[in-house]
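Chemist: Here is how the chains run, residue by residue.
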Amino acid sequence: MDRILKILFFALIVRPIVFVVLGLNVRGKPNLPTEGPAVIAANHNSHLDTMVLMSLYPLSKLHQVRPVAAADYFLKNRFLSWFALKCVGIIPINRTGRQRKRELFAGCHSALDNSEILILFPEGSRGNPEEMSEIKRGIYHIVNDRNDTRVTPVMLHGLGRALPRGEALLVPFNCDVIIGDQLPKAETAEHLVNAIQDSFLELQKYCITRSQV
Amino acid sequence: MLDIPRHSLNAMLVVLALLLIATTCRLLLARINPDKDYTELRQRIQSWWWMIGILFVCLIVSPTTAIILFAFISFLALKEFFSIVPTRQADRRVLFWAYLSIPIQYYLVSIGWYGMFIIFIPVYVFLLLPMRMVLIGETKGFIHSAGVIHWAVMLTVFCLSHIAYLLVLPIKNHEAGSIGLVIFLLFMTQLNDVSQFIWGKLLGKHKIIPKVSPNKTWEGFIGGVLTIGLVSGFVGPYLTPMTFQFSLLSGLIISISGFIGDVVISSIKRDLEIKDSGSLIPGHGGILDRCDSLIFTAPLFFHFFYYMNY
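Taken in order, these protein sequences are the chains called A and B.
Residue 3 is where the first sequence starts when you use the numbering used here, and the numbers rise one by one after that.
Residue 977 is where the second sequence starts when you use the numbering used here, and the numbers rise one by one after that.
Incorrect hints may have been included.
Straight-line distance between alpha carbons at most 27 angstroms, and here's what the computed DSS-like set of lysine-lysine pairs gives [as the list claims (entries may be wrong)]:
(1) B:Lys1187 to B:Lys1245
(2) A:Lys207 to B:Lys1251
(3) B:Lys1245 to A:Lys31
(4) B:Lys1181 to B:Lys1251
(5) A:Lys78 to A:Lys8
(6) A:Lys31 to B:Lys1251
(7) B:Lys1245 to A:Lys207
Just some of the chain B residues that point at chain A, by a computed CB distance under 8 angstroms [to be verified]:
(8) Ile1060
(9) Gln1065
(10) Leu1071
(11) Trp1127
(12) Ile1250
Read the hints as simulated data drawn from the structure, not as lab findings.
Glycine is no exception: its CB is placed at the ideal position from the N, C-alpha and C atoms.
Model the full structure from these sequences, guided by the hints.
Modeler: Below is the structure:
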């Protein structure tokens, strides 16, 4: 039932918005992991980021693609949490930092154990439109003790113009989606953070959309 | 068959036959050189099938459907323009208003209100957009933004909507109908691209504007102009109400302005240091890459034709 709801939501609402109102310049599509367990690490500027990344997958695969999202934001009221959990299928994560790492990432690990594909935004929040913020270390603790899971970096550009934080009006723009090569297993959290940072900068060069003057 | 004027139907069949020949040639080429990679050629021809298929279906169904199609093409082109050209974050709402000009402009086309169609964007939108920008109040980069936004609307909405207006002009050649005019303009514009390319490949020596387009030559340009002039002269009387002489003249206009449209869009891409304006059409690039010549040929052909016949 949940799976049907998710497919309907994406087929009737999300895909028309992503492919018609917006429009994607996708590069490196073959790099996109099609089978889990896998982690996609993307930069984060807009709520549309998740929708765009999930739209890259066929509807039949949709239930295996799970965005990791802030519990404090998406579970703050009943409607939003129904929507986030049932229509999108997020894995809620607690941003307050009071939990132990094991508990904190339990949802992520069980999803990876089920061969699902996680969508992570290692910057942690959307930040200012089209600006990169610092990459957090959390992602390392998710992939660290797993030998079966690699990180694929994805650079998104233009969505922060289409629907930035704090705005309700969606303005049509084409957006770049540049999918990079899978990153090798990192020794330390710092290595992984730097590797993601470097690949974001590298992928940025392939973007054809521009924002500021 | 349906209600298509006979000459237009024949023209459509000729275009489909040409496509069939192109596909056959591609398959033969792949057979002769199995080692060579023809992916781009295959994508290009496949995309042509899609584009021409969608266009013909919309033209056949009704003029309104075709007008909606052209409005949608304007939307895609405007969106692509705003995406590749830097705009300020503060201009988001202005851009939203710019998009709203599309349904209005094409509505004016559909009711055939020529006077308003021709001034709506050059006068009203031109004056309204900076007003909206003033209300937002960000003055840094104001001049640049006002210029870019209006230029984009002019190119992608105003210029392209002239194709749609051909559909609502009173019909003078009943054998071809209004569809004939649209097919004439589109076919000649695309054939011009092809023939300038082929003449350039065959004879090209003297570069025409090396700074913008190093592959464009005088030989290609002149060869294209002569070819299109001649072909138009013969095809024009069949698909339009024009005589041989006027068709030939309109062919010259299409060929010269098509060349200009092509290099103007090229200059935009050079300025931004990108190769394609998007990736919507496999093998062709973005919608602006495909419509570059059309942006210039549509209004210039339209006004020549309109002045001579109405």
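Chemist: To test your reading of the hints: which numbers does this structure violate?
Modeler: The structure breaks only hint 11.
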